[in-house]
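> Sequence:
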Amino acid sequence: MLFGSAINLEMKDAEVIYYPNFFNKNDADNYFKNLLNAINWKQDTITVFGKTHLQPRLTAFYAENKNTYKYSNIEMIPHPFEGDLLKIKKRIEKETKINFTSCLANLYRDGKDSNGWHADDEKELGENPIIASVSFGEARVFHFKHRFDKTQKAKLTLQHGSLLVMKEGTQKNWLHQIPKTKKDIGKRINLTFRIIP
Numbered sequence: 001m002l003f004g005s006a007i008n009l010e011m012k013d014a015e016v017i018y019y020p021n022f023f024n025k026n027d028a029d030n031y032f033k034n035l036l037n038a039i040n041w042k043q044d045t046i047t048v049f050g051k052t053h054l055q056p057r058l059t060a061f062y063a064e065n066k067n068t069y070k071y072s073n074i075e076m077i078p079h080p081f082e083g084d085l086l087k088i089k090k091r092i093e094k095e096t097k098i099n100f101t102s103c104l105a106n107l108y109r110d111g112k113d114s115n116g117w118h119a120d121d122e123k124e125l126g127e128n129p130i131i132a133s134v135s136f137g138e139a140r141v142f143h144f145k146h147r148f149d150k151t152q153k154a155k156l157t158l159q160h161g162s163l164l165v166m167k168e169g170t171q172k173n174w175l176h177q178i179p180k181t182k183k184d185i186g187k188r189i190n191l192t193f194r195i196i197p
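Residue numbers (UniProt numbering): 1 to 197.
The set of hints was computed from the structure by calculation and includes no laboratory data. Glycine included, each C-beta is placed from N, C-alpha and C at the ideal position. Among these hints, one or two may not hold up.
[As the list claims (entries may be wrong)] Listed next, the in silico BS3-like pairs over lysine-lysine satisfying Cα-Cα at most 25 Å (straight line):
1) Lys153 x Lys167
2) Lys167 x Lys12
3) Lys145 x Lys172
4) Lys112 x Lys12
5) Lys70 x Lys167
[Unchecked claim] Each pair of labels, with its calculated beta carbon distance range:
6) Arg147 x Ile195: 15 to 23 Å
7) His143 x Ser72: 28 to 36 Å
8) Gly126 x Thr181: 31 to 39 Å
Turn these sequences into a full structure, and let the hints guide you.
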């Protein structure tokens, strides 16, 4: 363990581990500033329940191969890993002992940007996806709810410099979201590392 300690969230039918201080504040500050400027952010249109609208955040996709990523009628063409993104990827792989092939980057510009209830369970991700989610910038509340047992819910605040690793069972058995907030808050960058064989 490199910085801070790992917290096992002890969720039913899933293994979820949270590292509140995976990156120290100085590194997290630098990564946030650099990625904000270096990533080619774009706003796609998204189709949900038959309605098409602008996605409520900006995104970019990176991979070590040419495999595209598809969700909600969006097909993302990958950029190659380089610079800070590559350093962050290697750091996470060293801790988790998992090789991630790709990364969906999200920029939440303010409290109105959000991500509704979903699971990262697209077929490209395989039978039991593992997602490593890094947060830089403004802290945001992250909600979980069990797909089949309505009594099972969880909530945590994803801090600046934190890492959340969602392992076996999480995407199959749980949904998650970043809800909107009326608070006057700043930008958050979220890097979601994943495996697309």
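> Each hint needs a verdict: does it hold in this structure or not?
Hints, one by one, checked against the model:
Between Lys153 and Lys167, the direct Cα distance comes to roughly 17 Å. Compliance with the 25 Å bound is thereby established for this hinted pair. At most 25 Å may separate the alpha-carbon atoms for a hinted pair to count; Lys167 and Lys12 meet this at roughly 12 Å. Taken as a hint, the Lys145 and Lys172 pair is honoured in the structure, with Cα atoms around 12 Å apart against an allowance of 25 Å. In summary, the hint linking Lys112 to Lys12 is not supported, as the alpha carbons are separated by about 31 Å, beyond the 25 Å threshold.
For the hint linking Lys70 to Lys167, the alpha-carbon distance of about 21 Å falls within 25 Å, and the restraint holds. For Arg147 paired with Ile195, a C-beta distance near 22 Å keeps the hint of 15 to 23 Å intact. Judged by the Cβ atoms, the range 28 to 36 Å given for His143 and Ser72 is violated: they are separated by roughly 19 Å. Taken as a hint, the range 31 to 39 Å holds for the pair Gly126 and Thr181, whose Cβ atoms sit roughly 33 Å apart.
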